[in-house]
Structure formats: C-alpha cells, structure tokens
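Undergrad: Chain residues, written in single-letter form:
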Amino acid sequence: MANLKTISKKSKAQSMGMHTEVLTGRTQQKFFNPDEAENFYYFGTYDVDFNKRTDLDVKDMTAPEANKEIDNLMSQGYGTIVIKNPQGKHSLGVGILNKLNLIFEGSLGYFGMGSCDGPIVRINGRVGWSCAENLMAGKVVIEKNAGSCFGAAIRGGDLICKGSVGARTGIDMKGGTIIIGGDAGAFTGFMMQRGRIIILGDVGINLGDSMYDGTIFVGGEIGSYGSDAVDSELTSSDQDWLKRKLKVAEIGENFDVSKMKKIVAGKKLWNYDNLEPTEKKGAI
Amino acid sequence: MCGIAGLIHRGKSSNVGSELQGMLQALKHRGEDSTGYALYGDTDGKNFIMRFKVGENVGEGSSSIMEDVSVYDERKKVVDQTLAEMGAKVVKEERTLPYSLRYEIDYNVKDLLEFSQRIESIPGVEILSMGKSLEVIKDLGNAKMVCDRYSLDKVVGTHAIGHARMATESGVDIKSAHPFWGYPFSDVSVVHNGQLTNYWNNRRVLENKGMRFMSECDSELIAVYIAEKMRDGATLEEGMKASLTGLDGVFTYFVATKDSLGMAKDTMAAKPLVLYESDDLVAMGSEEIAIRSVLPQEIDTYDPFDGEVKVWQI
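Top to bottom, those sequences are chains A and B. Oh and the first sequence: position 199 is 199 in our numbering, straight run, nothing missing. Just remember that our numbering sits 1000 ahead of the position in the second sequence, which is counted from 1.
Treat the hints as calculated values from the structure; they're not laboratory data. Hints are supplied without guarantee of correctness; some may be wrong.
[To be verified] Straight-line alpha carbon distances no greater than 20 Å define the calculated SDA-like cross-link-like pairs of lysine to any residue that follow:
no. : chain 1 : residue 1 : chain 2 : residue 2
1   : A       : K262      : A       : G201
2   : B       : K1028     : A       : M61
3   : A       : K162      : B       : K1046
4   : B       : K1028     : A       : K268
5   : A       : K59       : B       : I1299
6   : B       : K1028     : A       : D60
7   : A       : K59       : B       : L1295
8   : A       : K84       : B       : E1298
9   : A       : K59       : B       : Q1025
10  : B       : K1046     : B       : I1122
11  : B       : K1241     : A       : G223
All figures in this text were calculated on a predicted structure; none of them were measured in a lab.
Could you build all of it, start to finish, from the sequences and the hints given here?
TA: Structure representation (structure tokens):
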C-alpha cells in the first residue's frame, strides 16, 4: 500500500479499496456487456422451451423436494411449470437462475421465490414474508396479498402484488420495481438504495425511512414520512413511466397517475465522502 | 421465535382441541420447548373449572426443581382443605399427571382475587386458569405431545388460542409457558410472540397496584396489563389499544375471553401474523401453514397492519 500520509485523498481511498464517487444523478450501472452473451447465463442453467408445459403437485413434498423437482423439470427442457397445491409452504421456488414460466396455483409461505434471476412467475394466491427477496431479474406477480418485507433487497426485475402488503416493503432494495395495487404497511421503502416503489393505495407510517436513493410513488394517503424522505415534483416523464409500468403490470391501467405523490431521499443522511473512524485512523 | 395460533367459530361449536393441535403442530419449527392451549369448551356454565399445578415439569434453564410425587400429594391435600374452608365444593376431579390437576368447582363468588390468592399462597401451587369455559393446558414438548398427554383432541368448544414456545427470556418450565391466565379475571387468557422491553418497569408499577406475577416471562406482563385495565373498567378492546403504547417492544398477541377473541400488533409490525376471516370462522397464526391445517383449500388471507387491534365475538 502506498504511503497514506503523503498521497491525495482520492488515492488514499483507492489504496484502501474504497472510492470517493458521488452518486448524485447516477443510474443503474451496467455490469455486463450485451455483446458477451455468455455473461447472461449461469453455470448449470438450462435451455428451456416455453411451449413445453407440465404440472407439478407439491402437496406431499417438502420445499427442498419441490425445488429439486422444478430444477429437474427445467433440465428436461420444460419452460412452463404449473405448481399445484403449494398450500402456504415456505421457500418454494427459491434460487431459480433460469428463464422459466412458473405458475403457482395457490399461496406461498415465507421466502417464496427468493434469490431468483430470470423467471416469470405468477402466484394465484397470497405470499408470506420476504417474497422474492434478492430478486435479480424477471417478473413475479401475486394475485392476492403479500406479507411483510415484500421484495426485500431486490436488485432488479418487477415485483407486483395486486392486493395489499405488510410492513417494510422494499426494505434495502437496490434496484428493480415494486408495484402494489392495494395498501402498504409501515416502513415501506426503509433504507432503500435504488429502484422504484409504486403504491396505488394508502401507505403506513415512516414511509421511506432513511432511504438513500430511489423513488416512491403513492396514490393514496401517507401515514407519515420517515427520516429524510421528502416530496418531489411529479414530472410528465414520471407520469409516462408510471402509465407504461402499470399497463405492463396488468394493474391500475386506468389509474390517474397525475395525482400521485412522489417521494425521494432528502439526502441529508448521506455521508459517503466521510471515512469511517477506523479508516480515518489508518489514513492518518 | 415462538408461534401463536388462534381460531374462533362464530355461531357454532367445533372440535377446537384437535384444530388447535393441528395449527400449533404446523408451527413447531418456531419452538417446541413447551406448548400451551387455552380452550374455551362447551359447558353448562354452572361450575368453575380450575386447572392448576402442584409441581413443575423442569426443563433447561428453569429455576424450579423436580420434586417427589409425595410432595405433590401433600400440596393437593392442602388445596382440597383450603377449598373446603372457602366453601368451594369440588364436583369433579381429574389428575392427568402427578403435578397437573383439573377441578370442577361449585363456588358462587364472582371476584376470584381472594380465592386465587388463598390457593396460590400454598407453596408450589399455581392456578393455570380459572373460568366457566376456559381451560389452560400447558406443558413441555410440541403440540402433539401435549395434546396426547392431556387428551385434548376431543375438546369441543367455540374458540381457542395456543402457543408454541422457543424459550429465550426465561427457562423451560410450565410456569413460563403460554398461555397466561388473565388473573384474577374469569375466562381471560393471553398468548404472545415477541419481546417486551419495559417489562420490569411495568411489572413494578403493576405489582404496586396489587397485581400478581407468577413467572419472569415478559409475556405474562400482557395478561396482567390488560387484566389491570379491565379491573379499572376498560373493555377488552380498550385495554388492548392502550397496550400499543403502554408496552414497549415487538409483539403480536392474542387475548381471549369467554365470548371473544382479539389480536393486537405492535406499531412496528415486527412480528408476523396471518389472518383468515369469514362469516363463521376466524383463524390466525404466525404463519399461513397454521391456518392451512384447518383450511387446506385455497383461501384469502392477509397480514394485519402495524398498530392494528381486532376483536371478534362468538
């Protein structure tokens, strides 16, 4: 490592593995080159045919057994899988890093569709806590209600709940879009870092508490604003984007988006340019 | 972690013992140190049913000790003698386990405070429940084990609440297990999932007001807190709403009375609850799989929001 006492601030930070960039105005970074097709496929994923369809009854299966069977069916080229009798089981459909049409004929318990990248999922029921946590890409549509921590830490993709959701929706989200057709509970958008949340109904207390960045659109009443969450002007491009998104999401197509409220980070809590105390010690 | 479950049939009775067993067994992964049932059975309403223990079933971390059955026998004799002195006639007596008893008592007094104080002044004796319909049964092990041990699967009634416990704040024993009786109120019981952070402050205040605590389990505070509010004239719902600000911490809890069942969720909605509501049945639990054990077909459920209180009547 270079002599930290003599080099510039920028070099110090870089020498310590950090950077000093300001995130204002930044959009999603591109980590993959579209020309390098192999970057879009994970090792061990399958080439599936969406027209090849099958049913899977998981009534008497445990969640690991069901998930292994989904993987097995994908390995046989099935691109559309209908899950029968999920009956509120936890952790169904987790870790799918593949193109796939997945349909659940019923409700899921906790952690359904967690850590997925790519599938198009329709859940004809309700989901429990932490649905689609860490979603990277794809689309998950829930026809009924969802529990708390809906879309926690998602990086990308579209997550749509046509009913109402519990508390802490989109907590720590880093990208993607969450759309709620009904109401949302307390601490919606808590510590969100990027991405967008759309709520057509009312939302509970502490909306957008400690959000770093990202945008929240609310159609109904707001219980209260969280720390550093502030109103922002709803632009015409916002309205265009909202109309397009709601149409694609098959939800609220005729909703009057011009009356929606737009909430963003006040950025008073930002402290990116300051070193942590322990790092300061090393830099002195 | 703990799991809670409850159900209330409106306008009819059902096999609530078996139904609650299924719900709690579905939640056993949330804790099986102990399991407790508060069952509101069909009775003629003439006699009090007193569930009490004369000793402990001692598990890990408990401050209690295992005792010889002869000690339990002696305590039972003192209880019988005390009941006779108070003019309470034991109509029916069941001793399911050496330390666990069920008495049906002909006792014509509404205020149970003095009655309970006298019974519990006998060392090693604790009333688990007192009421004309309520019976609290709790012991170590998962829901099926407790159900089998106490033959609860045949109990018919209108409503019930229960708890699958993972011990965190106090030891593994019956006195720390849920549900808690809303002493000294007839037919009031409480189960709780969460952690209360102003337990000792509230306990000191309530003890100074003459309320009684039998364990050091923070959940007992909810039963005592609401009982004290009701003693001062509040309705169940008013007491529960006051608890949202009076109790600090994270919680979802159920309270049941002779003819009602209520739920409350803290203002941060930190603890889970899934609810199913129809015209003739309300079922709720920490996870949907609990409800699925009584309603396997596809149903509409939802999570109550933060700071929500609901009460249903039979």
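Undergrad: Taking the hints in turn, state whether each one holds.
TA: Now for the hints, and whether the structure bears them out:
no. : hint                   : verdict
1   : K262(A) with G201(A)   : holds, 14 Å
2   : K1028(B) with M61(A)   : holds, 18 Å
3   : K162(A) with K1046(B)  : violated, 51 Å
4   : K1028(B) with K268(A)  : violated, 45 Å
5   : K59(A) with I1299(B)   : holds, 16 Å
6   : K1028(B) with D60(A)   : holds, 18 Å
7   : K59(A) with L1295(B)   : holds, 14 Å
8   : K84(A) with E1298(B)   : holds, 11 Å
9   : K59(A) with Q1025(B)   : holds, 17 Å
10  : K1046(B) with I1122(B) : violated, 26 Å
11  : K1241(B) with G223(A)  : holds, 18 Å
In terms of the numbered hints stated before, the structure departs from hints 3, 4, 10, listed from lowest to highest.
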